[in-house]
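Undergrad: One letter stands for each residue in the lines below.
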Amino acid sequence: MNQQLNNAFTLFLSLLVEAMPFLLLGVLFSGLLLLFVDERKLIAKLPKNPLLGALVGSMVGFLFPVCECGNVPVARRMLMQGVPTPVAIGFLLAAPTINPIVIWATWTAFRDQPEIVVLRIVFSLAIATIIGWVFSAQKDLRPLLQPALAAAWQPKQQPQKDKKKTSSNLLQSGTFWLSGSGDPIRIDASVLQASLAASTPVKPIPERLQLLLDNTIQELRELGSVLVIGSAIAALIQVFVPREVILNLGGGEITSILTMMLLAAVVSICSTVDSFFALSFASTFTSGSLLAFLIFGPMIDLKGIGLMLSIFKPRAIIYLFALAAQLTFLFTLFVNLYVI
Amino acid sequence: MNQNSKIYNWLEVFAIAAWGSLMLKYWLTGKLNLLIHPDYFWLVISGGIGFLSVAGLKAWQLLRQRRILPVRHISLLPPGFSSTLLIVTAIAGLIFTPRVFASQTAMQRGVTDFLAATRSQPQAFHGSVKPEERSLLDWVRTLNVYPEPDAYTGQKVKVQGFAIHPPEFPPNYLLLSRFVITCCAADAYPVGLPVKLTEDRQAYPPDTWLEVEGQMITETLKDKRQLTIQANAAPKKIPEPQNPYEY
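Protein chains in written order, with UniProt numbering: chain A, 1 to 340; chain B, 1 to 247.
Bound-form chain A, shown alone:
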């Protein structure tokens, strides 16, 4: 028992020590996006068509080489800046896979099976786009968002007359919101910062850097602590559920996929390195199930769910989870049955 606790602690620390630098990278990227990118111009350039928007959002990941520890703060920032929902959801799900570092890592691991590399990219892109598109049906995202984020979230579609009043809908955010009970709710710092940054693009660099610092500190604290909880759960399951129990399930074309999806969710390994992990199962598992691991893991895993709770209510995460799981299953089953 003592030994197992020690193992769990070692696993827990190894997940965290590896994930924390990526978290820092993601938070810094998200802060830079906040402070130095004119989101009004960015948003204006994003396609209005939901399907196209979701596709573009999925591909934006290429510009942000962050894994699933880093994409959540960026996606959260996107939503708060009024980026259309399909774009943000597409980014949230695809960015951990559709980025140069991950593609390079996958290629390094599966040089001998290039179809795994190609299908990982194509399927991840397709699934993220489809889910982003599905979420575009929900015009008002607020019921699905965390209360604090919902208060800050503004629908993209504004009546034309409103647009005339201000140059940017971001500028409409005041310092306080009225809640249902009529009490004022203080808006969070990042919306204020976003507004400040957006309203005065010529703000002196030292002040911008100070905002970047405050934003980095707060996100590191918040997301870091969620990461701690997620990694703890992943480590406990890895140590206290015999891996044989999981592995024994994976023999057939269907069960192997389900097993690898379960393993992906449990192991919660970073997308930048998960292909090496999958490689250790290459000789025992079907290609479709390896793909399922590589596609599903970066989208949804225990650690990521913890982080996603900082954006969505549990209900929305269940929708995301169910859609991603079903689509991954169908795509990879097709691979198992007809392709490889």
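It should be emphasised that the hints constitute simulated quantities derived from the structure, not laboratory data. A couple of the hints might just be wrong.
Per the computed footprint, the stretches of chain A lying under chain B, defined by three or more beta-carbons under 8 Å from a beta-carbon of chain B, are [stated by the list, open to error]: (1) 3–11; (2) 219–227; (3) 324–332.
Below, a sample of chain A positions facing chain B; criterion: calculated Cβ distance under 8 Å [claimed, not checked]: (4) LEU258; (5) LEU262; (6) VAL266; (7) VAL267.
Note that the structure is a prediction, hence the values are computed from the model and not measured. Glycine included, C-beta positions come from ideal geometry on N, C-alpha and C.
Please build the complex by placing chain B on the supplied structure of chain A, with the hints as guidance.
TA: Chain B only, in chain A's frame:
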């Protein structure tokens, strides 16, 4: 700035500094290799420096009492709780040293399927390496490429690893094993080869690190023909290597 937000600000600084220190401590004490693959050391080191820099800048800002935004960030967790959680885990990491995985984990992770669980494609294959210079992992990789145990009969072998006592092996056999990591301890998987001893394995309790010299033979263990090391003499007990994993 009221007293509470002052405390929260300092808690944040300590939490981030603690994590930066933890990452650098593992590097400086050489324990980082118990947690992650050496390829990612630079990432952890720069991460640690990054965390400390962020904390240092914030501390400097707080000490100089520069303008600080009066509003709090979105809080999923109660204020102060997340900082405390980070500080507690970092302190736990600073106090308790992670330990390398041992035979119990190897058994749990299925070392008995050691060949099936290894990579199907070796990263490097040194055909010209002398058999006695191959590491345990080299042997397993070689065997993976050409799995006929008889092909290696009589070859000299000298390998290091820790002992495992599989219950289904006869009492004069043990399994010599190493963990292989590709990224971090979360993906460590065991590889191993059976060793035929000249005595009972009880002289070498599980987890003891051993250097075994001998030659390769083929044995049938668990109804399976397996490449086995026939120990020439009693294996030498060695201290746990500084870097217990193979890559």
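Undergrad: Now tell me, hint by hint, if it's right for this structure.
TA: How the hints compare with the structure:
1. Using a Cβ-Cβ cut-off of 8 Å, 7 residues of the region 3–11 of chain A lie near chain B, which meets the minimum of three, so the contact claim holds.
2. Under the rule that three or more residues need a Cβ within less than 8 Å of chain B, the assignment of the region 219–227 of chain A holds, with 7 such residues.
3. Coverage of the region 324–332 of chain A by chain B is violated. Counting CB-CB distances below 8 Å, 0 residues qualify, and the rule asks for three or more.
4. Hint status for A:LEU258 relative to chain B: violated, with the closest Cβ pair at about 19 Å, above 8 Å.
5. Interface restraint check: A:LEU262 against chain B, minimum CB-CB distance 15 Å, threshold 8 Å, status violated.
6. Hint on A:VAL266 is violated. Least Cβ distance to chain B is approximately 10 Å, over the 8 Å limit.
7. Checking A:VAL267 against chain B: minimum C-beta separation of about 6 Å stays under 8 Å; hint holds.
Figure legend: structure checked against the earlier numbered hints; hints not met, in rising order: 3, 4, 5, 6.
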